[in-house]
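Protein sequence lines correspond, in order, to chains G and U.
With this note's numbering applied, the first sequence has no gaps in its numbers, which climb one by one up to 485 at the end.
With this note's numbering applied, the second sequence has no gaps in its numbers, which climb one by one up to 200 at the end.
Keep in mind that a hint or two might mislead.
[Claimed, not checked] With a straight-line cut-off of 20 Å between C-alpha atoms, the simulated SDA-like cross-links for lysine to any residue are:
hint : chain 1 : residue 1 : chain 2 : residue 2
1    : U       : K65       : G       : K388
2    : U       : K37       : G       : K431
3    : U       : K15       : U       : T32
4    : U       : K37       : G       : F191
5    : G       : K229      : G       : S169
6    : G       : K431      : U       : K65
7    : U       : K15       : G       : A287
8    : G       : K388      : G       : L453
The hints are simulated quantities; they were obtained by calculation from the structure and are not laboratory data.
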Amino acid sequence: MSTAKITGIAALDGGQRLAVKYFAVAIVLFGAQILFGLLAGFQYLSPDFLYGVVDFSVNRMVHINAMIVWMLFGFIGSIYWLIEDESGTEVVGLWLGNLAFWLFTIAVVIVVVVYLVIQTGPGQIESIWFINEGREYIEAPRWADVGIVVCLLIFFYNVAATFMKGRWSGIAGVLVLDLVAVAGMYLTGMFYSPNLSMDQFWWWWVIHLWVEATWEVLVGCIMAWGLIKTLGARRQIVTTWLYIEVALMLGSGILGLGHHYFWIGTPEYWLTVGGFFSALEPVPLVAMVVHAVYDSGVHRFKSPNHPALAWLIAHAFGNFFGAGVWGFMHTLPQVNIYTHGTQWSASHGHFAFFGAYATMNIAVFYIAAQRWRGNVNFGGGLVDNGWKWKWALGLLNGGVVGMTMALLVSGYDQVFIERALEGATWSGFFKAQQNVWYLQGMWWRQIFGYMTLAGFFLLVWDLMTIGVRETRPAVFPTEVAEHAA
Amino acid sequence: MSNVPWWASESFWRKTAIWVTAGMTLVLIALTFDTVKVITAGHSRVPAYEVINKRIYYRMNTKRKFQEPVIGEDAPLFGKMLSPEEAEAMVSHGKMTVQAKNCGSCHTLLGNGAYYAPDLTKAWLDPAWAGESVRETLMVQFLLDPTTNARGFGSTRRMPNLHLTEEEARAVVAFLKWTSAIDTTGFPRNFTPVAQEGDL
Ligand code: HEM
Ligand code: HEM
Ligand SMILES: [Fe+2]
Numbered sequence: 001m002s003t004a005k006i007t008g009i010a011a012l013d014g015g016q017r018l019a020v021k022y023f024a025v026a027i028v029l030f031g032a033q034i035l036f037g038l039l040a041g042f043q044y045l046s047p048d049f050l051y052g053v054v055d056f057s058v059n060r061m062v063h064i065n066a067m068i069v070w071m072l073f074g075f076i077g078s079i080y081w082l083i084e085d086e087s088g089t090e091v092v093g094l095w096l097g098n099l100a101f102w103l104f105t106i107a108v109v110i111v112v113v114v115y116l117v118i119q120t121g122p123g124q125i126e127s128i129w130f131i132n133e134g135r136e137y138i139e140a141p142r143w144a145d146v147g148i149v150v151c152l153l154i155f156f157y158n159v160a161a162t163f164m165k166g167r168w169s170g171i172a173g174v175l176v177l178d179l180v181a182v183a184g185m186y187l188t189g190m191f192y193s194p195n196l197s198m199d200q201f202w203w204w205w206v207i208h209l210w211v212e213a214t215w216e217v218l219v220g221c222i223m224a225w226g227l228i229k230t231l232g233a234r235r236q237i238v239t240t241w242l243y244i245e246v247a248l249m250l251g252s253g254i255l256g257l258g259h260h261y262f263w264i265g266t267p268e269y270w271l272t273v274g275g276f277f278s279a280l281e282p283v284p285l286v287a288m289v290v291h292a293v294y295d296s297g298v299h300r301f302k303s304p305n306h307p308a309l310a311w312l313i314a315h316a317f318g319n320f321f322g323a324g325v326w327g328f329m330h331t332l333p334q335v336n337i338y339t340h341g342t343q344w345s346a347s348h349g350h351f352a353f354f355g356a357y358a359t360m361n362i363a364v365f366y367i368a369a370q371r372w373r374g375n376v377n378f379g380g381g382l383v384d385n386g387w388k389w390k391w392a393l394g395l396l397n398g399g400v401v402g403m404t405m406a407l408l409v410s411g412y413d414q415v416f417i418e419r420a421l422e423g424a425t426w427s428g429f430f431k432a433q434q435n436v437w438y439l440q441g442m443w444w445r446q447i448f449g450y451m452t453l454a455g456f457f458l459l460v461w462d463l464m465t466i467g468v469r470e471t472r473p474a475v476f477p478t479e480v481a482e483h484a485a
Numbered sequence: 001m002s003n004v005p006w007w008a009s010e011s012f013w014r015k016t017a018i019w020v021t022a023g024m025t026l027v028l029i030a031l032t033f034d035t036v037k038v039i040t041a042g043h044s045r046v047p048a049y050e051v052i053n054k055r056i057y058y059r060m061n062t063k064r065k066f067q068e069p070v071i072g073e074d075a076p077l078f079g080k081m082l083s084p085e086e087a088e089a090m091v092s093h094g095k096m097t098v099q100a101k102n103c104g105s106c107h108t109l110l111g112n113g114a115y116y117a118p119d120l121t122k123a124w125l126d127p128a129w130a131g132e133s134v135r136e137t138l139m140v141q142f143l144l145d146p147t148t149n150a151r152g153f154g155s156t157r158r159m160p161n162l163h164l165t166e167e168e169a170r171a172v173v174a175f176l177k178w179t180s181a182i183d184t185t186g187f188p189r190n191f192t193p194v195a196q197e198g199d200l
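Could you build all of it, start to finish, from the sequences and the hints given here?
As structure tokens, then:
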């Protein structure tokens, strides 16, 4: 038994020291995302609020851009976190990784300041290069796109070269190939076209092929590693599962892209291709739930890190319901022709992004926090009974699920009134916006948004304090399992 | 590990994952070649930019069982017939303005974007523009000063002034006229277009 526990930076390997920097920025941006979401949501209820000063469009842009970036930071951090452990060697170009971290962070700060202060520019290519690109999720100006690609390439180099120097594994192989695709997809969103149909065709390559293909595989890799670490699941079984998930996810998700090609000027064969393959997309998400629950059950939920395990399970369910069920409900063209581009889409968007990706990142934050606190027990019998992490888990998930349900009610009302009855005209749009149930949905979204905010504060507080007064060392199942196997 | 059946083995699923991914990617690439050709402006479903010189109708096609844009006779925008190059430059300037002002962070276009304001795909054909004789002027006026010209139809939600120049506003109108002629496979369904000369 060790005498004094090693905590803080000293407890981390090189990759992990870099990872915690990414995590810190990710958490700040997560807070910014929620703040600007609340501002935008409030403008639905009180349209004069900040009208002409910080308009809805600006708040919304910061809201969703902060989301994309914090999740990317979280993923990059997660990979740096696990890579020395997984490859059995030190990160090859740590200084490069640090450089990329600072470049990326400074770029994000500049971009956000320009969004808030300059906001928009004249209708010229310079505005797209230096102010904003005006395309949802990838609004970042072109100069920042170039920076992002450079940082992703550095990251890719570090991951590939480190595994090359150390040892490969199934997880490593999938991860490296997937990162090529993540960076490659981003490139397809980096050109201007006057043709709106062409623009949106390629735009979806970035958005859909990120969240429904490459990011899913990425979190699959992190999940695989996480299950080995938090539960001591057997590597061979986990790796086999990972391959099955990749086959099912990419087998459906790549052509599932077609569910965005129903109404944008693209040929009608996409109705069949997109409808069919996207309808299969929930299959791997069911498989992941089975996998996570099965593994947890087999290991009797025995884990030295309860918050991490809880968030991993939240991920499995959130991914299944938010992406799988909510996605399926509007993915057939017969339905989508009415729901396309309504609060219905927003309901799904919130549930899916939170359920699939926020949860996974938070799970890794807890894995990191444990090591930072000197590998003490995060399992049962935490000093204050772990009320903070439990409440944070409840408030965050409850808040987002509540927002999802509220938006669903508004979404249905909008679909019935604006789309089915009014045929989507300007006046029809406003008829739906003033419907009493639609408005109630908007109010409830805001209330559940505050609940989400409360959960966020508690999460931050918990991450800063959990395990500080704990002295019992964690007993890691990997060692137990691998030695027993 | 010899008791693992082939269908549960790691190597079987590794190969399956690789083949499935490669196969789907190839199909996507093949379809992409075809689609990119079809959605090039001037091909079958996405109009050439000179369409802004024409009247655009939105009519029921009884065979397809949904409405589709129908290109009519000459109806030059702002009274001026444009060459193909001029038309493309004008639509492109409009598109650039739409991006630079981030209209898509309040509105949807082709149904994608934000849900705070009406879809703009068929804005050119919206019945709220009263009639085709005043439409162009009203649209430019609205874009230049959406605060004073607010409608809202009972809602207090307004579009902010985004400080477009008159040239930008006209270019945006050209862009919106062009988008209204994209064949969107019947989206948005059941749309009622503005009354125009030559309506059936
Ligand atoms: C984690 C995975 C997923 C995430 C993060 C996600 C997120 C989103 C978001 C944010 C949008 C709105 C895009 C916009 O702003 O226009 C969207 C649209 C859509 N998603 Fe997903 N999604 C996921 C998985 C799925 C799955 C598995 C399906 C189908 C089974 C699906 C079906 C759809 C459809 C049909 C739309 C179009 C909505 C419309 O027409 O307006 N999604 N998704
Ligand atoms: C906490 C309170 C939050 C509030 C009040 C809020 C509010 C909003 C609002 C008003 C929009 C614009 C929707 C529109 O165009 O009408 C939006 C978009 C969006 N938000 Fe949030 N949000 C919150 C949290 C989150 C969280 C936690 C996530 C995910 C992790 C998220 C993901 C998104 C996404 C993906 C979109 C784009 C949806 C689409 O285009 O379909 N938001 N949010
Ligand atoms: Fe999709």
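Do the hints match the structure? See the list:
no., hint, result
1, U:K65 <-> G:K388, "violated, 57 Å"
2, U:K37 <-> G:K431, "violated, 39 Å"
3, U:K15 <-> U:T32, "violated, 26 Å"
4, U:K37 <-> G:F191, "holds, 17 Å"
5, G:K229 <-> G:S169, "holds, 15 Å"
6, G:K431 <-> U:K65, "violated, 26 Å"
7, U:K15 <-> G:A287, "holds, 19 Å"
8, G:K388 <-> G:L453, "holds, 14 Å"
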